[in-house]
Amino acid sequence: MSIDLPALIVSAVLLAGLYATMSYGLALIYGVMKIVNLAHAGVMMWGAYAAFLLVARLGVNPFLAPLLIVPLFFGLGILLQRFVVRHVMSAPPISSLLLLFGTWLIMQNIAYLLFSGDTRTITTPYTLLTLKVAGFAISVNRLLVFVVGVVALVSLQRFLGHTYLGKAIRATAQDSAASQLVGINTDRIMEIAFGIGTALAALAGTLMALIFAFDPDFGRSHLLKSFCIVVLGGLESFVGVALGALVLALAEALSILAVMPALQDFISFAILVIVLIVMPGGLMGLIGKLKPKGVLR
Amino acid sequence: MSKMLRSWKTWVALAGLVFLLALPFLRLAGGYLQTLAFLTFLYIILSTAWNILGGYAGQTSFGHATFYGLGAYTTAILALRGVPPLLTMPLAGLVAAFYGLLWGYPCLRLRGQYFAIATIGVGEATRLLVLNVDDLIKHSALLQGLLHRGVLTGGATGLMLPTPPDIRAYATGFYYGTMALMALALLVSWRVKNSKFGLGLFAINMDMDAAETVGVNTTRYKILALLLSAFMVGVAGSVYAQYVFYIDPQTVFGFPVSIAMVLMPTIGGIGTLVGPVLGAVVYGVVQDRILTANLDLGPIKLSLSSMHLLVYGGLLVMIVLFEPKGLVGLFRRAAGWWQRRRSRPVAAAAQ
Numbered sequence: 001m002s003i004d005l006p007a008l009i010v011s012a013v014l015l016a017g018l019y020a021t022m023s024y025g026l027a028l029i030y031g032v033m034k035i036v037n038l039a040h041a042g043v044m045m046w047g048a049y050a051a052f053l054l055v056a057r058l059g060v061n062p063f064l065a066p067l068l069i070v071p072l073f074f075g076l077g078i079l080l081q082r083f084v085v086r087h088v089m090s091a092p093p094i095s096s097l098l099l100l101f102g103t104w105l106i107m108q109n110i111a112y113l114l115f116s117g118d119t120r121t122i123t124t125p126y127t128l129l130t131l132k133v134a135g136f137a138i139s140v141n142r143l144l145v146f147v148v149g150v151v152a153l154v155s156l157q158r159f160l161g162h163t164y165l166g167k168a169i170r171a172t173a174q175d176s177a178a179s180q181l182v183g184i185n186t187d188r189i190m191e192i193a194f195g196i197g198t199a200l201a202a203l204a205g206t207l208m209a210l211i212f213a214f215d216p217d218f219g220r221s222h223l224l225k226s227f228c229i230v231v232l233g234g235l236e237s238f239v240g241v242a243l244g245a246l247v248l249a250l251a252e253a254l255s256i257l258a259v260m261p262a263l264q265d266f267i268s269f270a271i272l273v274i275v276l277i278v279m280p281g282g283l284m285g286l287i288g289k290l291k292p293k294g295v296l297r
Numbered sequence: 001m002s003k004m005l006r007s008w009k010t011w012v013a014l015a016g017l018v019f020l021l022a023l024p025f026l027r028l029a030g031g032y033l034q035t036l037a038f039l040t041f042l043y044i045i046l047s048t049a050w051n052i053l054g055g056y057a058g059q060t061s062f063g064h065a066t067f068y069g070l071g072a073y074t075t076a077i078l079a080l081r082g083v084p085p086l087l088t089m090p091l092a093g094l095v096a097a098f099y100g101l102l103w104g105y106p107c108l109r110l111r112g113q114y115f116a117i118a119t120i121g122v123g124e125a126t127r128l129l130v131l132n133v134d135d136l137i138k139h140s141a142l143l144q145g146l147l148h149r150g151v152l153t154g155g156a157t158g159l160m161l162p163t164p165p166d167i168r169a170y171a172t173g174f175y176y177g178t179m180a181l182m183a184l185a186l187l188v189s190w191r192v193k194n195s196k197f198g199l200g201l202f203a204i205n206m207d208m209d210a211a212e213t214v215g216v217n218t219t220r221y222k223i224l225a226l227l228l229s230a231f232m233v234g235v236a237g238s239v240y241a242q243y244v245f246y247i248d249p250q251t252v253f254g255f256p257v258s259i260a261m262v263l264m265p266t267i268g269g270i271g272t273l274v275g276p277v278l279g280a281v282v283y284g285v286v287q288d289r290i291l292t293a294n295l296d297l298g299p300i301k302l303s304l305s306s307m308h309l310l311v312y313g314g315l316l317v318m319i320v321l322f323e324p325k326g327l328v329g330l331f332r333r334a335a336g337w338w339q340r341r342r343s344r345p346v347a348a349a350a351q
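Residue numbers (the numbering used here), protein chains in the order written: chain B, 1 to 297; chain U, 1 to 351.
Worth flagging that the hints you see were computed from the coordinates, not collected in a lab. Watch out, some of these pointers could steer you wrong.
Claimed, not checked - Below, a sample of chain U positions facing chain B; criterion: calculated Cβ distance under 8 Å:
| hint | residue |
| --- | --- |
| 1 | A13 |
| 2 | R109 |
| 3 | Q113 |
| 4 | Y176 |
Here a beta-carbon is modelled for each residue, glycine too, at the ideal position from N, C-alpha and C.
Isolated chain B, as found in the complex:
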């Protein structure tokens, strides 16, 4: 069996864009509220089904569907934070973990009720289209997914860096008590952050639905991958998340060379556990640690 290594790397990079989109929501929510959003998996799955309804049933262009899905899930995220999650913000972390886990179970089973457990796929006019660039065959579908993901992330990054609201979100992530002191309504900021995180997860779900097959249980392995990326990236940094996504996508792609395809997911879960244990600061932490020692400049 011969494997086209450059093509493998190109597709890994394209996948990394999607992975970054799916993990950044998790990182943002963790950064601002210090809670691990297990409902992330449920939101991704709902995003996928929203795309399924819009694209496969109503015939909306798959790359316009996010324009509808993102605001919708932003609202859902705000409602979730206001009526559910807010009540456990001051409780021990296990409470929020269990609460969001329960939310995930509810979302998953509503999907089972509405859509049954059948595996679904979305076929679009772009699905089988390929582009030849410099000798590589690139799937147009994956390229567009990559572009949408990157555009969303970059505009979010601009928003966080250059607007008052964005700066307030970052301030709350750094120190919520101090932010309150300087007059930031942190309750409101947390609602917005949860909304953005939820919208990003739904966007990632939508984009994933255009590439992969999905069922109501579909978010779980992607949730674990998101954790893996976020932990690799060091939980609160944007560059870190992008880097983590790239590392995971490459590791997965290259693992085909070493293990059988059925064990590909095993690789990412193993990475998750190992990274959690060995480098709690993630890649950025590792770089930071090596800098003073002069190993890296």
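Got chain B; can you put chain U on it based on the hints?
Using the frame of chain B, we list chain U on its own:
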């Protein structure tokens, strides 16, 4: 003693015990009730075991299915090679505990949420490994010896155990055996709760740094709790394999198994002795009732089998929001209200 005899609680417990002991002879509903009771005993063992780590020590594990699965597979693999299944039970517990040591030692250094996430990863990775281990072994000359008629775990097909000739007597034997194991599990849980070890676990749960400062060896305590928990779950897995005669990775290693072990103690009352029992009973009965029920709304026929996790998810959210101590907390609240209500007229008369 006489005080105990006068309490209604003693009599209710005694009546319950007599009923459970007599159940196999009553043959209620064609033995259906016996099966339900057996499964509930098994759930109680799992729930109590999870509670030692998750409730007492406060380390939420979403990976306990690994122990259940390893226990079940240890028994099945050895039984297929001619070892009497009953003899494999302690070994099943030990294998599970060893595996617990393997991933628990590094993972338990992580705190709270990170530990929980790592356990999801461990659970999924283990399931995938068991699913594919046969193919891996086939390619390696060294490990070929592990195969028996070409299989070790049987992959997605799972493993089938031979059934005994007199299945009714066999099931009744397991009924009493599991009941005894359940009693043992509860005894262990009670002993732990009232020991120095248990106090250490509670201290870890409340504030790990403070516990360390006052001299609790937190790492050792957490690992011991995990080992104990893993051993009990492993034995329960072994019982399951012997009772059902068929196991596959999804039913014993699947994420729903881990979910069940989180749900039961949480519903009943996390960190209490009785809570996991109540939670397991509710889980067992709801599971059974809901899985078999069908709603008939004229034109719409709704199978409720897909709804059981919806119910549990809803319960979990309600419990976290309104009563973190679960059913036990609810009962305590009701009892307190009842006492206040009864004592009020007396207090008024005294004034």
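Hint by hint, here is what the structure shows:
Annotation: U/A13 was flagged as interfacial toward chain B, and the flag is violated, the nearest CB pair being 30 Å apart, outside 8 Å. Interface hint at U/R109: satisfied, since its Cβ lies 7 Å from the closest Cβ of chain B, which is below the 8 Å cut-off. Annotation: U/Q113 was flagged as interfacial toward chain B, and the flag holds, the nearest CB pair being 5 Å apart, inside 8 Å. At about 35 Å, the closest approach between the beta carbon of U/Y176 and any beta carbon in chain B exceeds 8 Å, and the interface hint on this residue is violated.
Violated hints for the displayed structure, listed by number in ascending order: 1, 4.
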